[in-house]
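Chemist: Chains F and U supply the protein sequences, listed in that same order.
The opening residue of the first sequence carries number 1 in our numbering; numbering runs sequentially from there.
The opening residue of the second sequence carries number 1 in our numbering; numbering runs sequentially from there.
These are computed hints drawn from the structure, not numbers from a lab.
Predicted model, so just to flag it, every value in this text is computed and none were measured.
Relax, there's no trap hidden among the hints.
Taking lysine-lysine pairs in the DSSO-like style, the calculated list, with each CA pair at most 27 Å apart, reads:
1) K102(U) <-> K15(F)
2) K221(F) <-> K340(F)
3) K54(F) <-> K100(U)
Stretch-level coverage of chain F by chain U, calculated; a stretch enters the list once three of its residues show a Cβ under 8 Å from a Cβ in chain U:
4) 47-54
5) 73-80
6) 93-106
Heads up, the beta-carbon is just placed ideally off N, CA and C, and yes, glycines get one too.
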Amino acid sequence: MLKIKHLQIHLGDFKLKDICLEVDKQEYFIILGPTGAGKTILLETIAGIYTPKKGSILLNGWDVTYVPPKDRKIGIVYQDFMLFPHLTVKENIEFGLKIKKYKNWEINKHIKKVAESLHISHLLDRDPKTLSGGEQQKVSIARAIIMNPEILLLDEPLGSLDPPTREILGKELKKIQRELGIMVLHVSHSYNEAISLGDKVAILNGGKIIQVGNPSEVFGKPNSEFIANFVGTKNVFTGNSQLKNGMYQVSVGENHFEAVTGKEGKIKICVRPEEIFVSNNPINTSGRNNFKGIITEISRSGSVVNLYIDTGLQFIVVITQASLQELNLTVGSEVYIAFKATAVHMI
Amino acid sequence: MTIKIEPNLDYNSKTLIQKIKRIKFNYLLLLFVVLTIIFILSTVGCIFAHLDLGALKESVRNREVLFAITLSIWTSTLSTFFCLMLAIPVAYSLVRVRFKGKTLVNTIVDLPMSLPPLVAGLGLLLLFGTTKFGDFLSFLGLEFVFSIWGIILAQFFVNLPLSIRILRATFMGIDPRYEHVAKTLGCSDLSSFLKVTIPMSGQGILASISLTWSRAIGEFGATLMLAGAIRLETETLPISIYLNMACGEIELAIAAAIILILISFISLYICERFTKFPNVY
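Next comes chain F alone, as it looks inside the complex (with noise of 0.2 Å):
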């Protein structure tokens, strides 16, 4: 496992400021964080590129921070793949092997193999600048695996193509690493990617870890306004809350919800979308939150349907297409919604 203890970094004017991470065996890792939180920096200090001021990198419980990067084991790709142009596909793949003065015959037993495995030996005499943004991906990741890193380190790997191809090399790098069983580390600036492809998530931002979990635990439950914003979380309010009989009152101007946890005071409030019921009569349920509201607007994403509801606050609501046809919903009907009080997420 790679493990790194609070590390910091200086470089010019910019700091990352202790840094914590663990990253399992067998791991897909994502760092999530917007443009110039310092994503690329962090990777290149594991790699070895830059020297922490303080702080340690461990994989598998041996301390790297000191050791060059030609001898951690770590295998890097980034977003533009940085094939060297002036050698072919196949002297890139084998450039390491050589370096390490591998025998011919050894060398050419490698490449067999992992162009097979990432189905580029056809392409092993072109010269890289002719290769599509998919191919030249492969390459850059054959390169990196040939040498059998503990860890591959993707710098935005699926930035730079076209959203189709970035889907379905998205779910090859997953493939590639289950295959290998290494641990990946990840960074991306893209939500979608972090929640298709990531075991576990940090968000990174302004050179801090903010914060880390699973998907669904840090999609579903952030922790700070900056990662609701991010990560484009849907119905968020601010409000007050005063705690009741063990519940959580908040009140949102006219509006009155239930939450079970959270704090006092000042506060913002979240409710995922998805967890969101719609009926077209009063639900007697045991949901604690229900509101009456309007059908503003109505628009498709993909398989399901994004429903913008007034009730005097503008919730989004997600639903099947099946569901949208079954409760012959239109914009201006008149809707109630409703939702658990352990849905009503506190920032």
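Assemble chain U onto chain F, guided by the hints.
Modeler: Just chain U now, with coordinates in the frame of chain F:
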């Protein structure tokens, strides 16, 4: 009706006038280009006009001109080699190493380029001719003042900033992440530089060599101050022109000039043809 049509007509005629104006402006610009070309060609052409092929053939066989050609070629080749050897590490560290006062260092490195070569030569003469440092070097057998080594040193000093500038631009154009990848693949700092950065800089290095070399072969002012104008001793092609003009041997001077023109033309052509850096300096 007329009111409605008029603006339309007006608009059309306006664009037509604009088109003509635009074309006229381009012609005007081209006129400047033509004037510049005429000026350059007539200057160079005048030298060729004084050329008598028979005299040129004879001059090339002349011991003095032959000496100047040989001396110029090997001194400029050596000084270019030394420039490159120093410019590569300096340019690379100016691009990759973080340190305070980089702007000042860059300015100092560029300084010899904007100094008049005569001033540079004077400085070199004082440094190597009047100080303990110079005495120590000549004690070791390295005599720079009024010697062939002085020619090489003068060319080296004057051209070093040019080499550094071209290579600095070259290294700046290479993403450091290529080196980062190489390091994770088993390269040390030095081997990532030698296996990745240098091969990727091929064009810049070629540009640097051809421009430095062609300027070294034409270097006059600093050479005159440091190495002197000694016939058949420190007589490079430009010095030869100067000496022969001074004593009225105009045919020999023209022969040397024509050889210089051909050399600069060929090396500039190589630079324009094979590299992407024709206009770095």
